[in-house]
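From first to last, the protein sequence lines are chains A and B. Residue numbering for the first sequence follows the numbering used here, starting at 1 and increasing by one per position. Residue numbering for the second sequence follows the numbering used here, starting at 1001 and increasing by one per position.
Mixed in with the good hints, there may be bad ones.
Listed below are several chain B residues computed to face chain A (Cβ distance under 10 Å; list not exhaustive) [as the list claims (entries may be wrong)]:
| no. | residue |
| --- | --- |
| 1 | Ser1013 |
| 2 | Gly1069 |
| 3 | Leu1107 |
Don't read these hints as lab results, they were simulated from the structure. In this text, a Cβ means the ideal position worked out from N, Cα and C, and glycines have one as well.
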Amino acid sequence: MPLLDRPAAAVAALAYLAVVLAIGAWAARRTRTSRDFFIAGQGIGLWVAGLATTSAAFSGFVFLGGPGLTYRIGASSFLIIASTGFTAAMLCWVVGRPLREMAGEAEIYTVPDAVLARYGSRAASGLAAVAVVVGTVGYLGAQLLALGILAETVFGTRELLGPWSLPAAMAAGLAVVLAYAVAGGMLAGVWTDLFQGALMVGAAVAVFAYALAAGGGLGGIAGSIAASPELGPEFLDPLAGVPPATALGFFFVFAVGTLGQPHMLHKFYMLDDVRKLRWLPLVVGGSQSLCLLIWVGVGLAVPALVAAGRMAPLANPDDAAPAFLLGFVPAGLAGLVFAGVLAAIMSTADSFVNVGSAALVRDLPRALGRPVRDELRAGRWATVGIGLAAALLAWLYGDLVALLGTFAFGTFAAALAPALAIGLNWPGVTARAATASIATGLVANLGLELLARRAPLPGGALPSAVALAASFTVLFAVSWLGGGRVQSRTWRLPCTSHGPKRGTAGLSQNSSFSASSPAPMIVDSSGKAALP
Amino acid sequence: MRRALPAGLAAASAAMLAALLAGGVPAAAVFGLLAAAFPVGLISLALARRGRLRRNALHLAALLVLLVGSAAAMLALRGAGAEGPRLAGLPLSLAVLLGGIWLVPLLLTGLAHGLTFDAGAPGTHATRGPAGSGPGAPSPAGGGAAAPRQGPPRPASPGR
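Extracted from the complex, chain B is given alone in its bound form (with noise of 0.2 Å):
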């Protein structure tokens, strides 16, 4: 997962590029999905990172379908003028907008990051250090493992 989340992130923002310069409604389209889904990649990315992917998967898979999902029903719905279904008074586009990209990710990234927040996970931000050498350095070509977590973990608060 730690070479496959780098590259797939590669991968789409080459796509997004591409689409970008292509223009055009379809390419358009490719570029509002990849968009949607980007973020829940670099979350991922993160807690890859820190080892707490799994725990989180399931908010994140959510999250992707909503994101996704809303996504793809703007572009379904776009143009479907005064005749189109309506929520809450609003055009369904627009409904679907503000309910499954905003209110409803909302209280669903809050409380996820909320209930699964770890305090006392160690400080293994990537940061600069020697190169090539000691368990886990990744590799040029990418990716490459996180060194196994050493030493006692640092207490949440500074002290200071």
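Just chain A, with the same shape it has in the complex (with noise of 0.2 Å):
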């Protein structure tokens, strides 16, 4: 029975976007600049930063995707997001206060205007630009996935339209996200994360409880579990569902490739004042745990009920969400519960259309040389091409969500996180090691996952675990053995109102950088560092 069959859930979809297009228009009528459009004018606080960034993270991959990995794998699968109980600190820590004290000195919109600005190096910056592209177009495509099967199971046609029903819901389903994300970027994409990141933690809650209740408690679903001879005690154990390799990557992957996530990185730019980041860990490791109750509740509660008899055995994993939520949640709270997961995959579909239009419009022009001029139009153009390119992969791809949102995290992970993590933190990596590193972790997740999709890598090692790691060793080696200057040191970018600049070269107000700096950057006549 399709969820619009139901008045209560029905009009509790149709409320939450109502709110969102309300959002969306009203933030269109503010944004009048590229910064407008790319960092929300550089002007959000605490809470907005860190439901925004919990909002944008979360997505189809956690709330249908994470279950239905469950349902396959059993709790090897919480290994991904176990580690979220110290991300959220690590990331403020390792890059989220020099990237913020980076972009409040220097106009630094994006990762590669980061790495440009660490580096030197547009080869450097332009390889971060194309990252970011390919992993946006990946994470996009297992959002517009989610938000396909999720449309299936709302409007209820897959009957209707048989093989035709998943791509016409994803075409729905991008035609809303391209019509906020275009009209209003960043700033609507923030505000409403805001509210969406809301709904989300409530939602989470809320199934979370069903879910247990359904189950019979922890103690009932771990029984039922353990005593169901398809499934078994090895089901609860989260090093038996997959080989210990794999199990163990996806930890090494989601804790330290959460420093390479641009969508993540991008709301530390945004922040109004640097302090907002001293208790921003809390909100946004509190919040993110609250909404992953829900791939821990629905993941071990759906096996329990169907080895107990009480639900049908899954056709597709991805199924595991939108069974419960139709089987067990009064309809009031299913309607608004999808609403929440619907929320989940918007807004981080919004953000990705966003971080990744500003890599083609800006970033990649710059790293070849040819900037584009009138950025904002670009970038709303640019969002319509990503997001079109999304969804051809998506309906090409033919496997679970969290495999494909997967392959996009390694990608960011692999080869944005070493260039940043060590880069932001220890003057010896040099240009060269970073743009060797990029390089690595790009082409080995790709090549690696493509290998990977044949036949399994020695003892099941996950592609993005070894292309991750070999990033960091790649960084390290050419650091250190490469040869190449050493062009960084403890320095100061530019105060807009103080001085003096740290080091014996630093930008002045109304001067250029250093003659020997390999990509000086300029000040602008109100003090501001621009990229060049």
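Take the two lone chains, each set in its own frame, and fit them into one complex as the hints suggest.
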């Protein structure tokens, strides 16, 4: 029975859509410059940044893909999310503070901007932009796939349209995402993220409670699964559902790889005050942990219900969350939860189209020495192009949402995390090393993913984990052994109203940067450093 | 420490890569233990860069023990089956994962970050500059001490 046949559910879902569109329309009127479009005018506070980060990070991957992956591989999937306990603080310590300070002192909108500012290398920045575009298409594809599955459930189109149901549902979702992303850019994204983040937290907590009730509590759920001949106690062993190298690879990629996720790093540029970083880890980590209850709750309850014979086995694991919501949650709450899941998907999709469009119209052209004149207009066209590419990938992919999401997350992780996490904190990293590391991460992740789809890697190693470890190794090896100048040292980017500048060569308010610098940064008349 | 941390992270990266390529459960165990310690190494590097490693040493040591200890416990409990120990109705290995890697570190790191946060610390992030000049410039061989802080700390708010 489609969700929309239940009036209470339909009202909740439609009310959600109305609010999102209203926020998009409001934000569109306030979007006047490329600064507004890409980093929300750099004027958001602690709660907005925290919930927006959660909302942008959590998506169809978490709410649909997560329970689906647990249904397929058991508790090993929890190694993807367990690192949430410390990743928020790690983000702030390792990259958040340096990035926020750089954004406060120079015109840095994107991760490739930060790479250019750190290394002074157009090659490194350009490769980072390529990684952002590749990862964006993959991640956005995962969102659209999840959106399609969700829309099929809500509208009941599977019976009506047959094989065209999923493409049609994805197309409808893409149209809504593009409508407010093109209109409002990141300002729309941030404010819708706030609304969506709050909705997601509430929805996840409610569903977790229903999941526990349906399964008879954690003990009851564990007992049903352990007693099942099909599942057995191995289902609940974090290192038994898949080879240990795969499970531990999940942990490595999703813990360390968080440091390279542009949609999360973007939020640091937007903070209006660096002091708001202080309690950000508790806000982000707390809200993320509450949201993840839906993964744990539904992920364990559905197999337990199947084992107990109270639910039919699923043909597609990604149907776990929708099937649970339709069968075990009251209609009104189910509508709200579907809206919350829709919120998660939409907010992440929106963040990604903006991150990807920034890479396409700002970073790549600048790396090639051909900056775009009208970034705002070009950004909107790029948004449409990326959305269409992602929809095509999602249509052709044909596997679980979580697996497509893992590939995309791994692309960002392997390509960007080493150059940022080490490079922003250790001056010994050379531009050549950063370039080699980004290239290694990008190529290795893509190549190993293609190889692994034909035959598993040795010991079941996760392609993204191998690529990430290789990227770190190359970064250090080239820094020490590969020659090239060590370009960095402790140095402060220009202050807009305070001096003296750090180091022997710094930016002054009305002059260009040191002539010896490979890619001089220019200070405009307002004292704001601008990338060349 | 500023030389030891990059060297340690480099060695850990290479060892993890080798373990992943080697395959097999023992190699996966080595990879898992190093992967659990790696985030603590990254945080230590960032804090050392700001001269705040000593102030956070206790939190980081606790986090290291939690993460590596939890990984070791999960490896030791692998395949314990239905007869294995339980906690809150869950198999112990799953309870260790949820408690030791997720919930306790959430409070530990969140509070540690907030309580030791220094808004007035100047922005001494590593970024590009001219090569090999000025005090504290790192050697190409790696590491290198940060230059001493100069000038007034930047105000927390950029005032825009």
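Okay, the hints, checked on the actual structure:
A least Cβ separation of about 4 Å between Ser1013 of chain B and chain A falls short of the 10 Å threshold, and the interface hint therefore holds. The interface hint given for Gly1069 of chain B is violated, since its Cβ lies 14 Å from the closest Cβ of chain A, which is over the 10 Å cut-off. For the restraint placing Leu1107 of chain B at the interface with chain A, the shortest Cβ-Cβ distance is roughly 8 Å, inside the 10 Å limit, so the hint holds.
In the structure shown, a violation is registered for the earlier hint numbered 2 alone.
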